[in-house]
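Undergrad: Guided by the hints, dock chain Y onto chain G, whose structure is given.
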Amino acid sequence: MRSKWHWLIALDIVAGLAMLGAVYMALIFAPDAANLASENEIKAQHIFYFHMGCNVGAAIGLFTNFIASILFLVTRQRLWDGIAVSAAELGLAFGIGVLASGSIWARPTWNTWWTWDPRLTSAAVTVLIYVAYLMLRGAVEDPGRRARFAAVYGIFGFVSVPITFLSIRLWRTIHPVVFGAANPDARGGFALGPNIRLALMYSMAAFALLAITLLIHRVRLERRREEVEQLQERLTP
Amino acid sequence: MRSLRQVAAIVWKDIVAELRTKDIFSAMFVFALLAILIFEFAFDLRVDNVREVAPGVLWVAISFAGVLGLSRSFSLEKDKGSIEGLLLAPLDRSVIYFGKMLGNLSFMLATEALVVPLFIVLFNLPLYLPGLLLVVLLGTLGFAAVGTLFAAMTANTRAREVLLPILLFPVLVPVLISAVKLTGGFLDNIPLQENINWLRILIVFDVVFLAIAYMTFDYVVEE
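In order, the protein sequence lines correspond to chains G and Y. Quick note on the numbering used here: the first sequence kicks off at 4 and runs consecutively. Quick note on the numbering used here: the second sequence kicks off at 3 and runs consecutively.
Just chain Y, same shape as in the assembly:
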């Protein structure tokens, strides 16, 4: 119970800092929007039915924008020296991990809350897609689970903004594949039973990588 309050305090700290500057959110939102627009132009020239590539476009936009937000979240802490304060606080290290992870998750979800409706409008898709919300939530959770840990690592490296996507994307391939498959399934009104294995992979990935990140975060932030 106490550690839950501690996690909430870290998330709240990140949200307040973000609300004052709106750095991460605005960068992620504009970038995701640009990615969708660029894909729309690029594919419109060659692909007969843009709807076919819509799930891929959405997830590439989410992943690229997500990387931007993740690398900011730790480089800000690092540049202002606040990570030392966080590490010195009488907290379990896993509390810091879950706090930062939930913070990143909420920024990404907030961005997606604007990007997904715009994506639906731009690609002329059905508006009511409850299944899509589930996929976006699970996919983003996997993204934030791995991404937060890797961002904590790359914040301590040379060329950190460049390294994060290189580390992150190969590990996230199962999330991207299953999220794209599931999104496509919902857009084409395929019953979930046919795609249930993809949903399972997504859940397995989230659970496994949250657990590994929880176990290894200590080693990443120790000095």
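One chain only, chain G, in its complex shape:
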């Protein structure tokens, strides 16, 4: 039983080293962005590598939740429900990381912790959807019903995110767009030089690895919990 999980321990170590590497890449390897005005802005810009990394982690979590929700409704296997709840928790944790790191960056750059910019708003709404998802799970006692309701809500939540995101394109935004078309009204944007691009790609990959590792652990925990529940049911007459 124990030896079955040797590969997971190896994955833990790889993910841990990759995250150490991400710290190095973000703080030491990545050059300062050239066009930013103040010392504070230049220093704060380095959090961008973790901001994008958290974004990747959140995207992995929420997308996995969506797929697992659909697969649960189609197959009715408890495994998918376990994956869905694990992925939602993971996505929520990284989502809060996105908001927190963005906020820390925004203070020196935009001179405010928070602004009701559409992109920020939709990130906050997304986090709230998955808080609601977990609250819904907490409010239903019957496991079968809980899994069905959560799967339906997970699908609704995930579909509403791009529609919320669509409204961003309509509103004028001050959030920098680093990939794709530049936003002329953006404040605090910067161009991607080759070294910045390398550091960014590396930290996004490291965060993806971290997210997947955590997800595997969380799914494993969920299955153990179910096993314990079943054993308890068998023991109590």
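The hints are simulated quantities; they were obtained by calculation from the structure and are not laboratory data. Predicted, not measured: the structure shown is a model, and the values here were computed from it. Certain hints may be false.
[Said to hold, decoys possible] Label-pair ranges, simulated between beta-carbon atoms:
no., chain 1, residue 1, chain 2, residue 2, range
1, Y, E42, G, Y27, 35 to 43 Å
2, Y, R202, G, K7, 27 to 35 Å
3, Y, A29, G, V17, 56 to 64 Å
4, Y, D81, G, K7, 45 to 53 Å
5, Y, T23, G, E144, 46 to 54 Å
[Said to hold, decoys possible] Lysine to any residue pairs mimicking SDA-like chemistry, simulated, CA-CA at most 20 Å apart:
no., chain 1, residue 1, chain 2, residue 2
6, G, K46, G, S106
7, Y, K80, Y, V164
8, Y, K24, Y, V13
9, G, K46, G, R148
10, Y, K80, G, L201
11, Y, K80, G, R148
12, Y, K15, Y, G87
13, Y, K80, G, A142
14, G, K7, G, E144
15, Y, K15, Y, V164
16, Y, K15, Y, D94
17, Y, K80, G, E144
18, Y, K24, Y, D94
19, Y, K24, Y, L6
20, Y, K80, G, L102
21, Y, K82, Y, L21
22, Y, K80, G, D145
23, Y, K80, Y, E224
24, G, K46, G, K7
25, Y, K82, Y, W14
26, Y, K80, G, G147
[As the list claims (entries may be wrong)] Going by beta-carbon spacing under 8 Å, a handful of chain Y positions derived as facing chain G:
no., residue
27, R160
28, V175
29, L178
30, G186
31, V210
32, I214
For glycine and all other residues, C-beta sits at the position ideal for the given N, C-alpha and C.
TA: Positioned in the frame of chain G, the structure of chain Y alone reads:
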């Protein structure tokens, strides 16, 4: 054709039950009115031109009142055990969804038919606003489409009245944003062409979420 008649029968059942008690309608109407009045007092102290915030006030009032009505619509069925009868009837489950959804939609529209004119009077707005009717109809449709499904879920949970708005509002953000934008556009006489994308978002939301609710309602009510 037969399923249309079945949907109509469910809507009619809800309307008759409502006409006998007037529970949902009166609660929604009074609550919406109170919300508008409270906003009027609260904003009047700080905002120079209350008209600026009028669209937001209207939609917050509609959403809060709507949640009240939605949570009643399924908790009544649940408490009196009539939901079992409805589920046992030889009907397609989607017929039940559309019946309940249209019932909720008509209660909300009936409330709005009284609230919107009062809102126009209290905020001193132009009386003739055909565009506003379209926005109210589309926004309420999106609200009822998602809300009916979530109300069917929360009726089976602990603390159902508390949970429904928590589930509903984050998903409904696109409806609220685009409805407020469009309402503001009509109040300021901005031509619809400039706001046409908001109208598109509202229609896309309505269509997409009606379709998803239609596909998933089965999973919510099965026992």
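Undergrad: Tell me the numbers of any earlier hints that the structure contravenes, in ascending order.
TA: 1, 2, 5, 9, 10, 14, 15, 18, 19, 20, 24, 29, 30
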